[in-house]
Each structure stands twice: as structure tokens, then as C-alpha cells.
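Student: Turn these sequences into a full structure, and let the hints steer you where they fit.
In order, the protein sequence lines correspond to chains A and B. The first sequence begins at 1 in the numbering used here and counts up by one. The second sequence begins at 1 in the numbering used here and counts up by one.
Among these hints, one or two may not hold up.
Claimed, not checked - No farther apart than 20 Å at their CA atoms in a straight line, the calculated lysine to aspartate or glutamate pairs in the EDC-like style are these:
hint, chain 1, residue 1, chain 2, residue 2
1, B, K598, B, E583
2, A, K319, B, E110
3, A, K122, B, D602
4, B, K561, B, D14
5, A, K319, B, D518
6, A, K119, B, E110
7, A, K200, A, E33
8, B, K561, A, E33
9, B, K12, B, E28
Unchecked claim - Listed next, with one range per pair, are the computed distances between beta-carbon atoms:
hint, chain 1, residue 1, chain 2, residue 2, range
10, B, I532, A, I11, 50 to 60 Å
11, A, P160, B, T228, 46 to 56 Å
12, A, I11, B, T102, 49 to 59 Å
13, A, I20, B, P81, 47 to 57 Å
14, B, V168, A, Y350, 45 to 55 Å
15, B, D19, A, F7, 51 to 61 Å
16, A, S46, B, E101, 33 to 43 Å
17, A, I99, B, L98, 30 to 40 Å
18, A, V162, B, I58, 51 to 61 Å
As the list claims (entries may be wrong) - Stretch-level coverage of chain B by chain A, calculated; a stretch enters the list once three of its residues show a Cβ under 8 Å from a Cβ in chain A:
hint, region
19, 334-346
20, 494-504
None of these hints come from the bench; they were simulated from the model. All figures in this text were calculated on a predicted structure; none of them were measured in a lab. Positions of the beta carbon are idealized from the N, C-alpha and C atoms, including for glycine.
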Amino acid sequence: MTALVVFLCLILFAIIIVQIGKVTELAAKIRGEEEVQDMANRRQASYSLIFMIVFLVACVVSGAYYKNYMLGYGPHESASEHGSSIDSLFSITLFFTGIVFFITQILLFYFAYKFRAQKGRKAAYISHNNTLELVWTGIPAIVMAYLVIGGLDVWNEVMPDVGPDDEFIEVEATGFQFAWQLRYPGPDGQLGTRDFRMIKEGVNPLGQDWSDVKNHDDFLPNELVLPVNQKVRVRITSRDVLHNFYLPHFRVKMDAVPGMPTYFIFTPTKTTEEYRQQLSKYPEYQVPSPADSEKQMWETFEYELACAELCGKGHYSMKKLVRIVSQEEYEQWLSTQSSYYLGNIKGTEYDPIQEATTSAPAPVVEEATPVTEEAAAPEH
Amino acid sequence: MATTVNPTIKDKDDLLIEDLGYDDHFHEHHDGDKYQSSFITTYIFSQDHKMIAKQFLITGMFWAIIGALMSLVFRLQLGFPDDSLAWLKPVLGKWIQLNAETGMGTLAPEFYYALVTMHGTIIVFFVLTAGLSGTFSNLLIPLQVGARDMASPLLNMLSYWFFFLAGVVMFASLFLSTGPFAGGWTAYPPLSALPQASSGSGAGMTLWVVSLVFFVVSVLLGGVNYITTVLNLRTKGMSMWRLPLTIWAFFITAIIGLLSFPVLVSGLLLIMFDRGLGTSFYLSEIFIGGQALDHVGGSPILYQHLFWFLGHPEVYIIILPAMGIVSEVLSVHARKPIFGYKAMVFSILAIAFLSFIVWAHHMFMSGVNPFISNFFVVFTLIIAVPSAVKVFNWIATLYGGNIRFNSASLFSIGFVSLFISGGLTGIFLGNSALDIQLHDTYFVVAHFHIVMGVAAFFGMFAGIYHWYPKMFGRFMNETLGRIHFWGTIAGSYAIFWPMHYLGMAGVPRRYYRFDTFDSFSHFTDMNQFITIAAIVVFALQVLFVINFFYSIWYGKKMTVKNPWQATTLEWTTPINVGHGNWEGNIPTVQRWAYDYGKDGHDFISQIEPLKEGEQTAH
Ligand code: HEM
Ligand SMILES: [Cu+2]
Ligand SMILES: [Cu+2]
Chain A
1 MTALVVFLCL
11 ILFAIIIVQI
21 GKVTELAAKI
31 RGEEEVQDMA
41 NRRQASYSLI
51 FMIVFLVACV
61 VSGAYYKNYM
71 LGYGPHESAS
81 EHGSSIDSLF
91 SITLFFTGIV
101 FFITQILLFY
111 FAYKFRAQKG
121 RKAAYISHNN
131 TLELVWTGIP
141 AIVMAYLVIG
151 GLDVWNEVMP
161 DVGPDDEFIE
171 VEATGFQFAW
181 QLRYPGPDGQ
191 LGTRDFRMIK
201 EGVNPLGQDW
211 SDVKNHDDFL
221 PNELVLPVNQ
231 KVRVRITSRD
241 VLHNFYLPHF
251 RVKMDAVPGM
261 PTYFIFTPTK
271 TTEEYRQQLS
281 KYPEYQVPSP
291 ADSEKQMWET
301 FEYELACAEL
311 CGKGHYSMKK
321 LVRIVSQEEY
331 EQWLSTQSSY
341 YLGNIKGTEY
351 DPIQEATTSA
361 PAPVVEEATP
371 VTEEAAAPEH
Chain B
1 MATTVNPTIK
11 DKDDLLIEDL
21 GYDDHFHEHH
31 DGDKYQSSFI
41 TTYIFSQDHK
51 MIAKQFLITG
61 MFWAIIGALM
71 SLVFRLQLGF
81 PDDSLAWLKP
91 VLGKWIQLNA
101 ETGMGTLAPE
111 FYYALVTMHG
121 TIIVFFVLTA
131 GLSGTFSNLL
141 IPLQVGARDM
151 ASPLLNMLSY
161 WFFFLAGVVM
171 FASLFLSTGP
181 FAGGWTAYPP
191 LSALPQASSG
201 SGAGMTLWVV
211 SLVFFVVSVL
221 LGGVNYITTV
231 LNLRTKGMSM
241 WRLPLTIWAF
251 FITAIIGLLS
261 FPVLVSGLLL
271 IMFDRGLGTS
281 FYLSEIFIGG
291 QALDHVGGSP
301 ILYQHLFWFL
311 GHPEVYIIIL
321 PAMGIVSEVL
331 SVHARKPIFG
341 YKAMVFSILA
351 IAFLSFIVWA
361 HHMFMSGVNP
371 FISNFFVVFT
381 LIIAVPSAVK
391 VFNWIATLYG
401 GNIRFNSASL
411 FSIGFVSLFI
421 SGGLTGIFLG
431 NSALDIQLHD
441 TYFVVAHFHI
451 VMGVAAFFGM
461 FAGIYHWYPK
471 MFGRFMNETL
481 GRIHFWGTIA
491 GSYAIFWPMH
501 YLGMAGVPRR
511 YYRFDTFDSF
521 SHFTDMNQFI
531 TIAAIVVFAL
541 QVLFVINFFY
551 SIWYGKKMTV
561 KNPWQATTLE
571 WTTPINVGHG
581 NWEGNIPTVQ
591 RWAYDYGKDG
601 HDFISQIEPL
611 KEGEQTAH
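Tutor: Below you can see the structure in the form of C-alpha cells.
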């Protein structure tokens, strides 16, 4: 029944449309084509002027309305050290492209209006103008060069790996369908080696090699907790398909690639509490929080870790909480975390150490990666 | 303009062609006409480029409707995630899951991703590549260079039928019980390589690959033909520098396609090897479905290189024909030569060349060595310069014109507006440092829909309205066309402009819902607004489709050969063009394509000889 109604409505719609069309064609016959075209030129030209004004005003107004979501402005200021240079690069780019946007859109629609066909007027014969061409090739080239230099400057500041003498905290994030597994190195400051063949759901989610003692103090917390103002190097890996380690507030994003660890280095500069304070100044955060009606929105704010590379049907749900805390709180938190090995593996059937109590400890490997490659080696 | 021409009376153009034309004895052989003898050879297995153009166009329109309907379904999900979609159950079947208690119907997330994937694939390849370049290259290349047909009408026919086959395979995949492929139009492995990773990655992905391989065959057969025809079948006097910009655009597009599409096929073949033959080109150290796979040593990033080596040129394969069409249409209706013809050609060439060395700007955050990205940033931002030059030239073409407003010229003006808006956001994304934050957010979605999606559609609409009389001997209704234009430009901006704000706020693309994250859930109203705008824009396209088909049979008849008073050769053919395009001789070309408003003449056709003492640059 509803289908029939919809169908009839569509038919009706089609008939109306055809009739509107016919009316104008009839009018054209009566008035004469030239007359009608002349009217159309006048009318459409003024529409283009109206459209231009409405469009540009809408751009400005909507921009003002959403100004608090702009990068580097208002409540969403970056919470990391490198983030602010990205934000200001954004603003600079917005400035230049904004100028070009307004000039070109205005000229486009204004010329369309101004040079509408009019009886008795003739178009000018202008085929080219080399000086003009040079000018408008040169100016974009200069602006582009300026933006490129600024951009690459930031890029090469942000992306390189840590230097040999840098102090930093290393943590690891592993994406899988559909969650993140975090791992901290524990007191030894070193992540233990992994082999994807040793992964066992529920027992050894990351395939940690328990014969590597560096694994014994590693712990797998449920949230990403980091101290403020300390450099962090996130080792990003994936267990199955591509994922992307994305911390929107920190301007951090990097693919998680199975078989190839990637890195992102950043320094959080605002604790969760400080960011909440920052938000509390804005009216849109002074409303009751959907999470907890007792509190205001800014009070329940949390940093979040998301996935930004399509990884399957649960892609939209790969959330982990991120907490940035003071150094003391961080140490306090660290002390409450206990090693995954000690809690879940030691003494069980999965613990390789029991049988081999007398054998020498496994050789210490410099980096966290190589064992997986070694494990792969016999295949070749 | 309105007076009927008695077909037996020869007009000025006919006389010129008779006098100066070139007699290739085409119509004496009659072998050219024999394959048009029955219904089947005329309308189905036609080898006439004009019929093949119409086939491409109508097939493209079919796919555009399918692709747009898909987007409406997933937009409903994004705009109204908590409203019941139970009413779609009769169409979508098990992909709408009914809650037994409340009767609430929800779209299955895997099908949401399948819809997004199919939408992208269909629009990018079937509509904006085949439907746009296929249609207008076929229609205009022979007509505008002065050829009887394509160099190889047979290959040309095959080109369409391979496209058709690709469509059949893709269409079939929609009905698989595991659903069509759902890993995004870019089909990154391992997601696309492992059936365990996503239900669409089983048979759905196999059919997706098969379909695209057929599609590439179609593009290559078409491309070889376009290139050969432009190089070898130009009529006497039609030097390269006298070609209309449409032909330049189609020509370069075909070359880019020929060089880049095979790379996609190689990338897809390697996926098939990984899926079926146990190779490890893209796979390494994967644990999935409770099992560690044997694959080691491959790199998923390799695929991304192969894909984007096609993928970036592909976006120019889509936009260059639209640019060509817009250049031509603007010039004709502004009654002025296109400003800076040579600069336009050189910028097409520059864009074509540069489009091959910027591909990794899609991969800044993929884990490639950040040092390499430096080069891609530089090349990417260089490509913005020729793009800017084209924009300035279009605007300058309007300056001092005597602009005739109709659907075709309006859509061309709209194209320029969209290309500016979308091109400028490319400058943000091309700067890798900014891409850290903007990559895979709605900012990218806004960028490419405006600059490529909507703009290319506008180019296509401009072309359809402008050359409709040449295709069907009738006009489309102007009033409806203008409603279509104003509604679509306002509506498209309403859909895609707000997405910039979503992107700046960090909202990632390809999310089935936004309320899983506090950070991304602030935009309920905006998402509803976007969905409503999308529905309105869709309705306007229905209006276009009605106008299109109604006008084929009932549109205002074309009574003069050259209704737009244009200079190019297609308007010297008879109103109802037969096979071979010109009845007697082939016209020869005496001047460039843009003598509008020269020396006090409104326009001078390309077939008119230079007057004594006439100055010319070409
Ligand atoms: C002005 C010059 C342009 C620049 C600098 C530019 C830059 C970029 C960059 C860097 C990206 C990757 C963004 C990301 O994924 O993070 C991108 C995406 C894209 N661009 Fe552009 N672009 C430009 C013009 C164009 C044009 C003219 C088209 C098409 C006609 C286009 C189509 C696309 C498409 C389709 C994507 C997204 C593909 C996807 O990830 O699904 N761009 N652009
Ligand atoms: Cu994901
Ligand atoms: Cu690109």
C-alpha cells in the first residue's frame, strides 16, 4: 500500500515537472526565443550574484558558528607539543587559501553577472595575455613555496625517530579487530620480544615470548596513561589488518601495519584535568554531560584513542581512554600495575622458564623487534 | 534561430565543406554502413561512436542512480542512527536487523561498509570514468577532429561491452549472501586479502577484482582508440594547436589511463595471488580468526603504492575531461575565445605529468619513511600551480564576455566554483604536517567530493546539456535544467561544506556511528542536516533524469545545425547525424577553435578560410 502511494506520488511529481517544463516552452513560442533568452540572461545573472552573496555569507557565518572546532583555536587547542605548530600551520594555510577563495569566487560570479549577454553588446576578443599569465603563475608558486617550506619544517621536526640520547617513555599499541591492546615496558624500560605465532587468545594476546626476560615485567593496562611533558614514543603494531593509532587531541596519527612496527613520538602538554579546565570556559561544555547528568560536560571530558584506518565492521568502535596525569600520579599509577607474566603466565603450562631453570637467561636483544624477523627467517 | 532549414537547401557550411572539404570516398564504399543494418547492430552491438557514447552515458546514469541510492541509505544511518530502517527491509533483506521487541530495524555495520565501498567504486569508476570520459570522448573525438569514426570501431564496441561486463559482475556481487566487498574503494590489504577479516572480503572481493579487471580492459581499449584517433584521424588542417580543449583533455586523459590502469591490475593480481596461491606479497605476521597465518615477509604498503600509482592519476582521469568540457562550454556561451589557450594546454600537460609523481600524498601516515614524504609534498603542492592557472583562465574567459545563460553554461560556472573550493583544501592535505591531523577525517571527504565528485558531475551535466542536441536532435528543457543547477549547487555545498568542520574537529571518515566516541559525537544536528540535503539533491537528480528521458522523445526539436553558434566541427554535421558523420566530404580546418567575437564577427567556424590579411596566432 505505502509502496503504491509512493509510486503514485513519484508519477505525480514527474507529471508536474514535465508540465512546468512545457509551460516555459510555450512561453518561449509566444514571446520569441530571443526575448526569452534575454530574460533568462538577466534573471540567471542576478541569481548568480545572489548565490554568491548567500554562499559567501554562509561560509563566514558557519565558520564563525563552528569556530570552536577549528584547529588551534578555542577549546580544541592541541594538547601536545608538536600539535601547536600543526595548528598554526593550519591557520596560516587557512589565511592564504581564504584570501584566494574569496577573491576567485567573487570574481567568478561577479563576472558572470556583469558580462551577461545584453542586446547589442559584443564580447571582447581577448585570447591571451602573457603578463597576466606570468603573474598568476608566479604568485601561487610563491605562496605554495612559502607553505611548503613551513610545512616541511614542521614535518621534519615531528616525524624523525628519537635520538640516541633522548629520554622518553616507550609504550606499545597493537590494533586488532576490534580493539587496541596497550603494553608498557615495566620497570626495565624495555618491551619484550614478540612472535605472532605465539599469540593465544586470552592467554597471550600479543604473542610475547616468555623466554625473554624483558617480557616478564611488561604490563597490559586498559587505558593509556602518560605523564605530562614527557616525550613518549609509541610503538604501533597490528595483529591482523591495517589500523591507525589516532589521538585527535594530540595531533597524532599513524597506521598500524601488520609485520612492520611504526612509531610516533610526541609530548603531551596538558593533563586531562588541565584540558577540562580549558573546556570549562566554553558554554557548549557547560551543559549537563550525557555520560553523567550530575556533572557538566567538561567535567566528564576524556582524551580518546581511536582507529583511523578502515579495518572492518567494528572500525568505528576501537576506543581506549587516554589519561594524561602529573608525574606523581603517573608513578602512583605505575605502582598499581602488575606484570602480565607474573599474574597470568608464571607457573602455568605456558611458562617456558620452569623446565629450564638451570639454563642461561635468554640473550638480551637490543631492540624489541628482531625476534619476529628471526622467527620468520627459516621460511625463506 | 527558430526558422526551419529546408534540408535540401545547402547552407553556408555545406557549401564550404563541398568546396574545401576533403573527399575520402567514404560513402561510395558503403561498407561503413553495413553494420548498422538491423536493430541489434544499430542499438546494441553498434560500432558507431555516437551510439557507443549514448550507451556509455545511459549505463553511467544507471550506475549513478544506484550509487546515489546507496549513499542515501548510509547517510540515513549517519544522520539518524537511532531511527528505524525497518521500512528498508523489503529491499535490503537480512542486512536490516530487526529488534524482536521494539521492531526497530538497524543497518548491519558490515553492510554499511559494503554500501560505502560500492558507492565509491561505482561513482569513481563506472560513473565518473566510464560515464564521463567514455561518453564524451566517444561522442566528441571523431566529431571534433573531423573523422568518420574512431580508428577502430570494433575495439570501441568491445570497450563498451567490457564496461558492461564489469558492471554485470559488480551488480551480481551485490546479491552475494556474504555481501559485496566492504573494505573501502581503495581495497587495502590485508582487509581485502583475507576472507576471515570481513565478510565482504570473500566472494565479494573476488567479484570486485574481476569486475575491475574487465573495467580496465574497457579503459585500455577505449584509450588506445582515443589516442590513435586524435593522432591519426584529424582532418586536413587540424593541427594539434587547433584542437578544441575538449580533445586535448580527452587525449591526455587517455594517455594517463593507459599508463596507470595496468598498474592497478598488477596490484589486484598480487592480491589474488595472496588470496588463492598462498603468496605473501602484502601479508606478513598476521594472526586472525584465532590462527596465525603462514604468510611472512610481505608488505601491505606495497599495495598502497601500486594502488595510488593508479589512484592519483585516476582522479585526474576523472577531472580532465570535465575541465575540457567546461573550457569549451564556457567559451561558446561567453562568446569569447578561451583565455590563454596555450597555457591551458600546457597546464593539462603539466598536471598529467605531475599526477604520476604525487601518489604517496595518500600515504603520508601509512608508515612510509617520512623522509620520502618530503618529495611528495613538494610535487603535490607544485601541481596546485597549473590547477590555479586553469581557474584564473576560466575566470578571465568570462571577463568581457557576452554570456548566454543556460543550463550548460551555468553548470560550467558551477564547476569552476567547486573546483576552487575543493582545490584549495587540497593545499591543506598536500602539506604532510597538516595531513597528520586531517588524514582519514571528514576533511578529506569534503575535499574530494567537492573537487572531484561534484565538480566532475557538473562537468558532465554541462556536457550533457550542451551536446544533447547533437546526441538526440532535441533540446533538454531549460527551466528544469536551471532548477536542477541552482538546487544542485546549493545542495551540494550544503552537503559537503559542513564536512570541513567535522574534519577539523577530528571526526574520522568511514565511521558507522559517531556516538562511540565523546570526541566525535557533537554533531548530531549537522549530520541530520547533511542527510536531508543529500535527499533533496537526490530528488533534483531525479528531475534531471526525467528531463533527460522525456526530452529524447518530446524535447524541443533542433531546427538548425548550429544552435549555439559554435565554431567547432561537430556543429557542421547534419542535424540527424548518420554514420560517417558528414554526408559528402569531410570538412577541412582553416583556423583554431576559438574565433569568437573576432573582427566584429560573433563567431567564425573552424571551416571558414582566413580572410585576406587576417591576423592569427594559430
Ligand atoms: C589542488 C591540488 C590538490 C592537492 C594538493 C590535493 C591533495 C590531496 C591529498 C594530499 C590527499 C590525501 C588526503 C588524505 O587521505 O589524507 C587528497 C585526497 C584526495 N584527492 Fe586531492 N588534491 C588536489 C586536487 C584534487 C583533484 C583535482 C582531485 C580530483 C579530481 C582530487 C581527488 C582526491 C581524492 C579522490 C582523494 C581521496 C582519496 C581517498 O582517500 O579516498 N584532489 N588530495
Ligand atoms: Cu579501524
Ligand atoms: Cu592524490
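Student: Can the restraint linking K561 of chain B and D14 of chain B be considered satisfied, given a maximum Cα separation of 20 Å?
Tutor: 10 Å, holds
Student: Measure nothing beyond the straight line between the CA atoms of K200 of chain A and E33 of chain A; if it is 20 Å or shorter, mark the hint as holding.
Tutor: 79 Å, violated
Student: Holds or violated: the 50 to 60 Å window for the beta-carbon distance between I532 of chain B and I11 of chain A?
Tutor: 24 Å, violated
Student: Holds or violated: K122 of chain A and D602 of chain B, Cα atoms, limit 20 Å.
Tutor: 8 Å, holds
Student: Can the restraint linking K119 of chain A and E110 of chain B be considered satisfied, given a maximum Cα separation of 20 Å?
Tutor: Not satisfied, since the Cα-Cα distance of roughly 59 Å exceeds 20 Å.
Student: Check the hint pairing K561 of chain B with E33 of chain A against an upper bound of 20 Å on the C-alpha distance.
Tutor: 16 Å, holds
Student: Assuming the hint says 51 to 61 Å, is it satisfied by the Cβ distance from V162 of chain A to I58 of chain B or not?
Tutor: The hint (51 to 61 Å, Cβ to Cβ) holds, given that V162 of chain A and I58 of chain B are roughly 59 Å apart.
Student: Determine whether the Cβ-Cβ distance between D19 of chain B and F7 of chain A falls within the hinted range of 51 to 61 Å.
Tutor: Check passed, 58 Å falls within 51 to 61 Å.
Student: For S46 of chain A and E101 of chain B, compare the CB-CB distance with the range 33 to 43 Å and indicate the outcome.
Tutor: With Cβ atoms ~57 Å apart, the hint is violated.
Student: Do the alpha carbons of K319 of chain A and D518 of chain B lie within 20 Å of each other, as the hint requires?
Tutor: It holds: about 10 Å lies between the C-alpha atoms, which stays within 20 Å.
Student: Taking 20 Å as the top limit, are the C-alpha atoms of K319 of chain A and E110 of chain B close enough?
Tutor: 18 Å, holds
Student: With a Cβ-Cβ cutoff of 8 Å, does the region 494-504 of chain B contain at least three residues near chain A?
Tutor: Since 4 is at least three, the answer is holds.
When each numbered hint is compared with the structure, violations occur for hints 1, 6, 7, 9, 10, 12, 13, 16 and 17.
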